[in-house]
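First to last, the protein sequences are chains Y and C.
Residue numbering for the first sequence is 1 to 190, as defined by this note's numbering.
Residue numbering for the second sequence is 1 to 190, as defined by this note's numbering.
Take the hints with a grain of salt, since some may be wrong.
Any copy will do: because identical chains look the same in the list, a pair fits if it lies in one copy or spans two.
With a cut-off of at most 20 Å between alpha-carbon atoms, the simulated EDC-like pairs for lysine to aspartate or glutamate come out as follows [as the list claims (entries may be wrong)]:
#	residue 1	residue 2
1	150	96
2	58	170
3	55	79
4	27	183
5	23	183
6	115	4
7	126	138
8	126	116
9	179	79
10	22	183
11	58	154
12	22	158
13	179	31
14	27	184
None of these hints come from the bench; they were simulated from the model.
Number of protein chains: 2
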Amino acid sequence: MLKDLVLKNRSYRRFQEDAEIKKETLKSFIELARITPSGANRQPLKYILSNSVEKNAKIFETLAWAGYLKDWPGPDQGERPSAYIVVLGDTEIAKDFGVDPGIVMQTILLGAVEKELGGCVFGSIKRSLLADNLSIPERYQILYVVALGKPVEDVVIDDILDDDIKYWRDENSKHHVPKRAVDELILNLD
Amino acid sequence: MLKDLVLKNRSYRRFQEDAEIKKETLKSFIELARITPSGANRQPLKYILSNSVEKNAKIFETLAWAGYLKDWPGPDQGERPSAYIVVLGDTEIAKDFGVDPGIVMQTILLGAVEKELGGCVFGSIKRSLLADNLSIPERYQILYVVALGKPVEDVVIDDILDDDIKYWRDENSKHHVPKRAVDELILNLD
Numbered sequence: 001m002l003k004d005l006v007l008k009n010r011s012y013r014r015f016q017e018d019a020e021i022k023k024e025t026l027k028s029f030i031e032l033a034r035i036t037p038s039g040a041n042r043q044p045l046k047y048i049l050s051n052s053v054e055k056n057a058k059i060f061e062t063l064a065w066a067g068y069l070k071d072w073p074g075p076d077q078g079e080r081p082s083a084y085i086v087v088l089g090d091t092e093i094a095k096d097f098g099v100d101p102g103i104v105m106q107t108i109l110l111g112a113v114e115k116e117l118g119g120c121v122f123g124s125i126k127r128s129l130l131a132d133n134l135s136i137p138e139r140y141q142i143l144y145v146v147a148l149g150k151p152v153e154d155v156v157i158d159d160i161l162d163d164d165i166k167y168w169r170d171e172n173s174k175h176h177v178p179k180r181a182v183d184e185l186i187l188n189l190d
Numbered sequence: 001m002l003k004d005l006v007l008k009n010r011s012y013r014r015f016q017e018d019a020e021i022k023k024e025t026l027k028s029f030i031e032l033a034r035i036t037p038s039g040a041n042r043q044p045l046k047y048i049l050s051n052s053v054e055k056n057a058k059i060f061e062t063l064a065w066a067g068y069l070k071d072w073p074g075p076d077q078g079e080r081p082s083a084y085i086v087v088l089g090d091t092e093i094a095k096d097f098g099v100d101p102g103i104v105m106q107t108i109l110l111g112a113v114e115k116e117l118g119g120c121v122f123g124s125i126k127r128s129l130l131a132d133n134l135s136i137p138e139r140y141q142i143l144y145v146v147a148l149g150k151p152v153e154d155v156v157i158d159d160i161l162d163d164d165i166k167y168w169r170d171e172n173s174k175h176h177v178p179k180r181a182v183d184e185l186i187l188n189l190d
């Protein structure tokens, strides 16, 4: 059932780094992305796939991890993602990428969860460093990075207390994510 | 399998209008939206649900249908959506809604497909008319509208010819959507 996948699709930030993700697996995620709806069907998104130690390192150093966990600089060696998908906007096709990146990345992550993988979306990226590290031509705007791996952390959804939406980790390194209640999300204007 | 849902989740624009979608069904889609990842976990999106004839009409008249089908002003009575979800940004929570709307709407649409429904995302909306029609307070920015219903049209994915991405309808009213090949989407910079 879809809900099981959606529930299991948390933002994971600690992985079994030596669990290889094959290029074919990453390509299967792009095949999923390919068949999603796209604004005016322009399909302006392009992707860079990475699953090698060297290329992964070049991406890892450009990412800002878990803003709310001030004492945690990101995963240690051994717990880093084993693959990445860099999501680019092709400026020769469009200047504004609208709602496409969210559609695509959620689809990729649900596809990952179905394969017992998981990941996290990064919007906070050292973009010029990443462009340098991967020699990305200027034509492509770096939009987001999806980190992927075999998760080794527990992530749970909690109710919100005192309107505090900051995620946190408990003494057992379990990651807690407070989510608003459904009734808070639905506007009743009648 | 997720791929079956993603494939079945085309942008549908013609529906069996009298096929009722219950409020509970719409709420189940918001429950799915609730448990998706959200940028910095802010969860700034709010939703208006509509499944009544009157409210649906107030939304329908604000939507621009299928830009590439110049001779088609939108679905006739009897083939219009039986429900809508208006996606709002709560400006008291955030000013920028980033990637959240795409994540949420794709998840809602996959949930709809799982229930033998389908829909279409609208970004081209007469926003001030919609705000008036539904008395939406200024605090909420109208981001997108998701139209939902029981699809009565066939939508197929084709390969792209001559770089033409415009969708079109054939003589049997089958809707064709040209999609780029996977190899065109993956950048090989090595």
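Against the structure, the hints come out as follows:
1. 150 x 96: Neither: 33 Å inside a chain and 31 Å across chains, both beyond 20 Å.
2. 58 x 170: Neither. Shortest intra-copy (31 Å) and inter-copy (48 Å) distances fail the 20 Å Cα cut-off.
3. 55 x 79: Result: close within a single copy only, 16 Å intra versus 51 Å inter.
4. 27 x 183: between (39 Å within a copy, 9 Å between copies)
5. 23 x 183: between (42 Å within a copy, 13 Å between copies)
6. 115 x 4: both (13 Å within a copy, 15 Å between copies)
7. 126 x 138: within (15 Å within a copy, 35 Å between copies)
8. 126 x 116: neither (29 Å within a copy, 43 Å between copies)
9. 179 x 79: neither (26 Å within a copy, 37 Å between copies)
10. 22 x 183: between (42 Å within a copy, 16 Å between copies)
11. 58 x 154: Close neither inside one copy (27 Å) nor across copies (45 Å); limit 20 Å.
12. 22 x 158: The answer is neither: 34 Å in one copy and 28 Å across copies each exceed 20 Å.
13. 179 x 31: Answer is between: at 11 Å across copies they meet the 20 Å cutoff, but 31 Å inside does not.
14. 27 x 184: So residue 27 and residue 184 pass the 20 Å test across copies only (12 Å; inside, 38 Å).
The structure fails to meet hints 1, 2, 8, 9, 11 and 12 from the earlier list, while all remaining hints are met.
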